[in-house]
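Peer 1: Chains as they are written, first to last, in my numbering: chain A, 1 to 566; chain B, 1 to 325; chain C, 1 to 275.
Treat the hints as calculated values from the structure; they're not laboratory data.
These numbers come from a predicted model, not from an experiment.
Please note: incorrect hints may appear among the correct ones.
[To be verified] BS3-like mimics (lysine-lysine), calculated; alpha carbons at most 30 Å apart, straight line: (1) Lys-376(A) / Lys-445(A); (2) Lys-15(B) / Lys-313(A); (3) Lys-128(A) / Lys-18(A); (4) Lys-83(A) / Lys-5(A); (5) Lys-167(B) / Lys-83(A); (6) Lys-44(C) / Lys-15(B); (7) Lys-445(A) / Lys-18(A); (8) Lys-18(A) / Lys-132(B); (9) Lys-128(A) / Lys-75(A); (10) Lys-5(A) / Lys-128(A); (11) Lys-75(A) / Lys-18(A); (12) Lys-313(A) / Lys-467(A); (13) Lys-199(A) / Lys-127(A); (14) Lys-169(A) / Lys-135(A); (15) Lys-75(A) / Lys-167(B).
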Amino acid sequence: MLEVKNLSIGFRTHAGLKSAVRNIDFTVRPGEIVGLVGESGSGKTITSLGVMGLLPPNAVVTGGEVLVDGVDILKLSAAELRKLRGRHVAMVFQDPMASLDPIFTCGDQIVEAILLHEPIGRANACKKARELLEKVRIPDPDRAMRSYPHELSGGQCQRIMIAMAVACKPRIIIADEPTTALDVTVQKQVLELLRALNKEVGAAVLLITHDLGVIYEVADRVVVMYAGNKMEEATTADLFAAPQNDYSRALIDSMPSPGKYEDRLPVIERDADGNIRSVRPEPKVKASPVPVAIKDETPILELRDLCKSYWVKPSPLSTPVEMRAVDQVSLTIAPRTTLGLVGESGCGKSTLSRVVMRLLEPSAGQILFKGKDIAKLPESQMRPFRRELAMVFQNPYGSLNPRHSVADLVEAPMAIFSDGDSASRQERVRTLIEAVGLPTTAAQKYPHEFSGGQRQRIAIARALALKPSLVICDEAVSALDVSVQAQVLNLLKDLQAEFDLTYLFISHDLSVVEHVSDTVAVMQKGKVVECGTASAIFSNPQEPYTRMLLEAVPTIGTPRCEKEGA
Amino acid sequence: MSASIAGALLLICRKLLTALIQLWVVATLIFSVMYIMPGDPVLLLLGADSNPSPEAIASMRAQLGLDQPAVSQYFVWLWNALHLDFGKSLTNGYPVSNYVMQNLPRTLELAFVAIIIAALVGVPLGVAAALKRGSTRDTVLTSIATLGISVPVYIVGTLLVLVFSLKLGWLPASGYTDIARNVVEHFRKLALPAIALGLGLAASIARMTRSSVLEILGRDFVRALRAKGMSERRIIWQHVLRNAAIPIVTIIGLQLGNLMGGTVLVEAMFNWPGLSTLLVGAVSARNYPLVQGSMLAIAAAFILINLLVELLYSLLDPRIRRKRS
Amino acid sequence: MILAAIRSQPAFLAGIIFIGLVIFIGIFGSWLAPQDPFLLHPDKVNQAGSAAHWLGTDEFGRDLLSRLLIGVQPTLMVAIGATAIAGFFGTFVGIAGAYGRPLASFLIMRGIDVMLSFPPILLALLAVGFWESGVLSLAVVIGVLYIPHFARVAHAATLQVTRMEFMEAERAMGASTWRVVFTAILPNILSPLVVQATLTVAAAILLESGLSFLGLGIVPPEPSWGQMIGTARGYLGQNPMYVIWPSLLLALTVLAINVVGDRLRDILDPRLREE
């Protein structure tokens with residue numbers, strides 16, 4: 001049993017001790033899965049590291065106890081703590097590939113983990129390791145034993161990590177974002193595995209995640225954290241049915257969930273007294289609303305049999321074979337609508353967006369932009385189309401040149417096309433900064449002074465600078481916290497109404513895609529397997545792959561996998 | 001498995017091919033440099049002051065093959081170089097390859113001994129500093145290492161001579177004795193140049209070792225190993241050092257390659273008759289064939305050592321040894 | 001940021017002060033020299049320090065302190081000139097190698113590999129062996145020899161920058177190559193280049209003094225530290241301080257530059273700055 005009592009942790013900084021976690025209390029009983037949920041900066045990871053005694057050197061426990069079966073591990077010596085770790089308390093990390101030593105085979109590493117705490121001899125340990133790999137349902141366990149981490153996929157590496165974690169039948173397992181780096185179908189398998197193993201081993205599991213869907217799927221009880229404080233502790237059913245705390249309620253509200261259409265998502269706001277509440281903003285309406293009728297207009301973008309191939313060698317000696325990252329994709333997007341393009345990592349959706357932007361050369365097929373084929377245009381003739389096409393990238397930390405001020409960044413497209421004089425450009429920059437909801441003082445600041453959500457607003461302002469007609473959003477909200485994601489999604493919808501924008505919205509997150517899209521295309525291995533209106537795809541999927549994706553999404557309000565008797 | 005062996009063979013072949021091409025480009029450059037350089041070797045050879053007769057010049061030119069067109073000279077030279085024939089010394093007519101073969105082992109010996117000293121001193125110090133990052137020990141060791149890379153080798157050498165041969169009289173200040181003639185004397189004369197060379201290298205190896213070990217210590221898997229309950233000592237010996245060994249071995253190998261010509265100052269100040277001594281002498285005497293021969297030998301040794309280092313590197317690192325197909 | 005580092009790290013501050021001092025001497029050395037550095041005193045050869053000659057005299061009885069002071073200038077000029085040449089050409093060669101067309105970048109990087117198969121000192125020896133030696137030719141030769149080193153750093157940094165999403169964003173906006181190089185790449189690879197520049201200054205000083213030590217660099221009677229060390233080696237028995245003084249100054253100068261370079265690397269390293 002794991003009991004955390006009044007735990008407080010701070011960071012040593014130049015300006016003294018900065019508190020990161022304050023008076024956290026919770027208990028995890030054997031056989032139970034407790035979810036620790038919170039957004040970035042909530043202190044959930046620091047809490048978990050504190051529980052393992054693995055805090056970084058500049059962090060200190062300032063108070064409280066961490067009791068593992070009644071023993072306060074914060075008072076243990078390093079040697080005693082070490083004996084506890086692995087045997088008694090095991091941990092599963094976020095990035096499975098990086099958490100394995102790259103120069104040892106996976107088999108060696110599991111064997112090593114077993115022998116650390118159970119001196120049963122190498123041969124026996126090998127046998128046990130193989131059994132464990134079977135237990136975590138890894139395909140071809142013998143091969144996995146011989147493989148180096150880089151030869152396995154992320155999901156397989158996470159299975160190895162889990163096998164290692166349960167090797168010594170620990171009493172407590174701490175899983176820190178164990179599925180965040182994985183695809184949704186793999187996430188489902190790993191979560192099911194975690195749950196099934198826990199039934200067998202009977203450990204107390206502390207599951208740390210930012211994803212409420214994951215919590216809903218597997219956790220028995222939930223602890224909600226915000227800015228270093230515990231907000232609420234409740235059983236999973238109670239929390240989702242009737243959240244007691246304002247923050248928990250706001251957090252649950254701001255998640256787009258399938259099957260529940262909303263025009264705008266509620267966002268979390270703090271009022272003057274610092275109280276948190278959930279606000280549902282009204283959609284911005286244009287003075288002269290444009291009819292949304294889309295029937296007779298020519299599509300903004302039409303792709304016909306678009307292909308992008310790479311030539312790869314399956315083994316060093318064989319002749320290269322064609323690998324189609326994008327395989328005969330045909331799509332149309334009507335003006336002022338949003339096409340959601342959804343698929344798992346490696347399905348070719350990002351490649352597709354780069355081909356449409358002509359950042360990559362298409363191998364075959366046509367890209368009709370407002371009826372004109374731009375697939376083979378040389379860069380000089382492509383230029384006028386670059387005004388009309390804009391892109392918002394995934395990583396708000398990487399897509400803004402860190403050496404430019406916000407004003408420079410937003411002005412860049414206008415500067416490239418020598419649009420207007422300096423004064424009119426400055427005026428436009430100011431309008432855009434306001435339009436994306438940033439204070440006008442932001443113009444002179446640099447990207448690193450902003451949070452992720454604010455940076456994404458800057459990127460959106462830049463994309464709109466030349467009044468484009470098509471904006472490609474490549475995983476534009478994937479790196480953001482749920483509540484920030486809700487704000488940015490609302491902003492995108494407002495801007496669409498205000499500037500008559502058309503979006504190609506690429507995401508791996510089905511709930512988000514359902515929320516923003518008019519039409520949806522599902523991609524798998526370079527092909528579009530299904531395409532239709534959002535409501536049709538989500539309520540009545542035709543293709544088995546689409547159904548599998550939809551079933552894998554951990555969603556609130558649908559029966560949990562174990563209750564289905566899966 | 002057979003695919004991975006074939007892959008390894010292919011890797012070796014490709015690296016071998018790159019090395020050969022590099023060697024060929026270098027050889028071509030060395031040949032052409034001799035044409036760019038000012039001064040007519042024939043005049044130099046005959047002595048420009050003595051006003052040699054045109055006949056003498058012409059006959060000397062023919063003797064050196066310089067009356068042929070440049071392209072044919074190039075191919076003849078390249079063909080001969082392939083057979084390790086670099087022509088004859090202009091001063092006394094001995095084959096250049098004899099000189100090279102005589103001096104190459106001496107440079108190799110000096111370089112190997114220096115690099116062994118450097119590795120034996122540098123690696124442990126670098127590891128010791130990294131494991132106690134930020135401590136007094138770390139500060140002292142890093143400061144010494146920074147000092148070590150800042151003091152030029154000839155100052156170290158001069159100070160060593162001042163202390164060990166002039167004040168204490170333990171070791172000879174310079175010179176070379178053939179190992180066949182007197183083993184003890186050979187190594188007594190090797191000691192000071194090797195130490196002078198090794199100390200500076202030790203400092204740079206210590207710095208690189210420290211940063212490699214620190215880089216590995218910051219990786220996620222080290223935290224995962226701690227979470228498994230592995231002792232700190234075992235984490236370091238079994239995992240951190242083995243991972244860090246890959247870049248460290250590479251760095252040491254590359255340093256060794258650099259020593260092929262990098263011994264020049266030490267060879268000069270200790271009168272160690274190695275390859276670069278040969279080259280310096282040849283340059284000042286405008287002895288073109290000897291310059292070409294010794295430069296080619298230095299470059300070939302460098303490229304060969306680098307090739308071996310790269311192969312060793314891919315052997316050590318499974319991520320390169322077994323590329324995911 | 002740099003100011004904060006100066007305040008918190010005495011070694012960094014000391015390094016900067018020492019470099020400043022060396023540059024000052026480099027500029028005003030001939031005014032500072034207490035005696036004529038070229039005046040021969042055949043009667044006072046190889047003397048130890050005295051009231052007349054604080055640091056003693058050299059093998060021709062010239063005042064050692066004065067020669068040390070004016071010996072800074074040629075070394076500094078060679079080092080700074082060489083770094084400017086290497087920095088300017090190396091940066092653009094490196095960017096071209098990383099951002100240019102595939103064939104061009106292949107040829108550039110292979111060319112750099114070839115140049116790196118010879119230690120710089122060897123090529124420098126070759127060059128000064130055939131050409132006349134002087135401040136200008138030394139600066140050019142050393143500068144050219146360090147182009148590949150600089151290019152490698154610029155190449156690696158550019159590769160890192162080109163993988164960032166904002167490079168894609170620039171291209172998506174239709175930015176010209178010119179704009180990408182000057183607004184997106186250059187400002188973002190400046191930090192490693194600054195560090196490389198300090199290291200190149202140190203390396204160039206070592207290289208120049210090494211050549212002068214061998215008698216192939218700065219031509220006597222004009223003094224330079226390396227040359228003085230080389231000469232003094234012949235008089236180790238008579239006047240050991242003759243070799244110690246220039247050695248000490250040379251080592252301290254290079255040490256100061258290296259310390260400052262190391263600190264700059266730590267300060268400018270984005271991985272350390274994120275925290």
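Peer 1: So, for every hint listed, does it hold in this structure?
Peer 2: Hints, verified against the model:
Of the pairs offered as hints, the one joining Lys-376(A) and Lys-445(A) is violated, with about 40 Å between alpha carbons and a cut-off of 30 Å exceeded. At roughly 18 Å between alpha-carbon atoms, Lys-15(B) and Lys-313(A) fall within 30 Å of each other, so this suggested pair holds. Restraint check for Lys-128(A) and Lys-18(A): not satisfied, since their Cα atoms lie roughly 45 Å apart, outside the 30 Å limit. Note on Lys-83(A) and Lys-5(A): the hinted pairing holds, with a Cα-Cα distance of about 22 Å set against a maximum of 30 Å.
Distance check on the hinted pair: Lys-167(B) and Lys-83(A) sit about 57 Å apart at the alpha-carbon level, beyond 30 Å; violated. Our distance criterion of 30 Å between C-alpha atoms is broken by Lys-44(C) and Lys-15(B), whose separation comes to about 62 Å. Straight-line distance between C-alpha atoms of Lys-445(A) and Lys-18(A) comes to about 25 Å, which keeps the hinted pair within the 30 Å bound. Pair hint Lys-18(A) plus Lys-132(B) holds up; C-alpha atoms about 25 Å apart against a cutoff of 30 Å.
As the CA atoms of Lys-128(A) and Lys-75(A) are separated by approximately 33 Å, the hinted pair breaks the 30 Å bound. For a cut-off of 30 Å, the pair hint linking Lys-5(A) to Lys-128(A) is broken: about 36 Å separates their Cα positions. Taken as a hint, the Lys-75(A) and Lys-18(A) pair is honoured in the structure, with Cα atoms around 22 Å apart against an allowance of 30 Å. For a cut-off of 30 Å, the pair hint linking Lys-313(A) to Lys-467(A) is broken: about 43 Å separates their Cα positions.
Proximity of Lys-199(A) to Lys-127(A) is assessed by CA-CA distance (about 23 Å); at most 30 Å being required, the pair is judged to hold. Note on Lys-169(A) and Lys-135(A): the hinted pairing holds, with a Cα-Cα distance of about 13 Å set against a maximum of 30 Å. Proposed proximity of Lys-75(A) and Lys-167(B) is contradicted: the alpha carbons are some 59 Å apart, above 30 Å.
Hint compliance for this structure: hints 1, 3, 5, 6, 9, 10, 12, 15 are broken, all remaining hints hold.
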